[in-house]
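Protein sequence lines correspond, in order, to chains A and B. Anchor point for the first sequence: position 66 equals 66 in our numbering, and the numbering is continuous, going up by one each time. Anchor point for the second sequence: position 43 equals 157 in our numbering, and the numbering is continuous, going up by one each time.
Don't take every hint at face value.
Claimed, not checked - 20 Å max Cα-Cα, derived SDA-like pairs, lysine to any residue:
no., chain 1, residue 1, chain 2, residue 2
1, A, 83, B, 184
2, A, 99, B, 162
3, A, 42, B, 173
4, A, 99, A, 50
5, A, 42, B, 167
6, A, 42, B, 121
7, A, 99, B, 208
8, B, 140, A, 50
9, A, 99, B, 165
10, A, 99, B, 167
Honestly, the hints are just simulated from the structure, not real lab data.
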Amino acid sequence: EPEVTQTPSHQVTQMGQEVILRCVPISNHLYFYWYRQILGQKVEFLVSFYNNEISEKSEIFDDQFSVERPDGSNFTLKIRSTKLEDSAMYFCASSHRGKIDTQYFGPGTRLTVL
Amino acid sequence: SQQGEEDPQALSIQEGENATMNCSYKTSINNLQWYRQNSGRGLVHLILIRSNEREKHSGRLRVTLDTSKKSSSLLITASRAADTASYFCATDALKKSSGDKLTFGTGTRLAVRP
Numbered sequence: 001e002p003e004v005t006q007t008p009s010h011q012v013t014q015m016g017q018e019v020i021l022r023c024v025p026i027s028n029h030l031y032f033y034w035y036r037q038i039l040g041q042k043v044e045f046l047v048s049f050y051n052n053e054i055s056e057k058s059e060i061f062d063d064q065f066s067v068e069r070p071d072g073s074n075f076t077l078k079i080r081s082t083k084l085e086d087s088a089m090y091f092c093a094s095s096h097r098g099k100i101d102t103q104y105f106g107p108g109t110r111l112t113v114l
Numbered sequence: 115s116q117q118g119e120e121d122p123q124a125l126s127i128q129e130g131e132n133a134t135m136n137c138s139y140k141t142s143i144n145n146l147q148w149y150r151q152n153s154g155r156g157l158v159h160l161i162l163i164r165s166n167e168r169e170k171h172s173g174r175l176r177v178t179l180d181t182s183k184k185s186s187s188l189l190i191t192a193s194r195a196a197d198t199a200s201y202f203c204a205t206d207a208l209k210k211s212s213g214d215k216l217t218f219g220t221g222t223r224l225a226v227r228p
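Construct all of the structure, not just a fragment, from the sequences and the given hints.
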């Protein structure tokens, strides 16, 4: 069964450094998402992406964050200058038809900012 | 209660028993999804129920939706130790302006004792 994959599984970085989290969505899906989960808290929406542009973003998704679909398979989340509070599990998700469809999640990247 | 809030927060049962988890939400929804998360791992999609559906089954899972009460329940029958995980409901709000982001609840931690 097709699945969403994410790399790396764990990323440790120093405060102020840039990180890029990578995702390969399910191949025939058209809608892509990033969510995050701070330890012990709810899963929170960050951004949705369709047709090569951001369709919606949350208040968390400020100027430090950006997303890109550099080719036909990858979907990336970049954090320009990481803060301690960016430490969280970051999940990528994809769906085929967006609003009326299931979102399938990847296994997550655990980001630790020191 | 907050959008997508589950109860109980924690549930401990014996293997073979049934487990029931509830979810309440505030705004009108397009659909509601249930996910499972093993400790520190990714989100596994279990079942999606649309706002015009009242009940749905998948294997040992039964989901009900009461849009008049803005609530849903997830029943796991004949539980197994492998069902030990956190269970989340996630809603997709009906408003066009809300896009297709999912709003997650706080989750129910289920422990199934062998």
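Here is how each hint holds up against the structure:
A distance of roughly 37 Å separates the Cα atoms of residue 83/A and residue 184/B; the hinted pair therefore is violated under the 20 Å criterion. Pair hint residue 99/A plus residue 162/B holds up; C-alpha atoms about 12 Å apart against a cutoff of 20 Å. Distance hint between residue 42/A and residue 173/B is unfulfilled; the C-alpha atoms sit about 27 Å from each other, more than 20 Å. With a C-alpha separation of about 12 Å, the suggested pairing of residue 99/A with residue 50/A holds against the 20 Å cut-off.
For the hint pairing residue 42/A with residue 167/B, the CA-to-CA distance comes to about 26 Å; that exceeds 20 Å, so the pair is violated. Distance check on the hinted pair: residue 42/A and residue 121/B sit about 14 Å apart at the alpha-carbon level, within 20 Å; holds. Under the criterion of a C-alpha separation no larger than 20 Å, the hint pairing residue 99/A with residue 208/B is consistent with the structure, at around 9 Å. For the proposed pair residue 140/B and residue 50/A, the alpha carbon gap of about 27 Å is over 20 Å, so the pair is violated.
This hinted pair checks out: residue 99/A and residue 165/B have alpha carbons roughly 12 Å apart, not beyond 20 Å. Distance restraint check for residue 99/A and residue 167/B: the Cα-Cα separation of roughly 16 Å lies within the 20 Å cut-off, and the hinted pair is therefore satisfied.
The structure is inconsistent with the numbered hints 1, 3, 5 and 8, although it conforms to all the rest.
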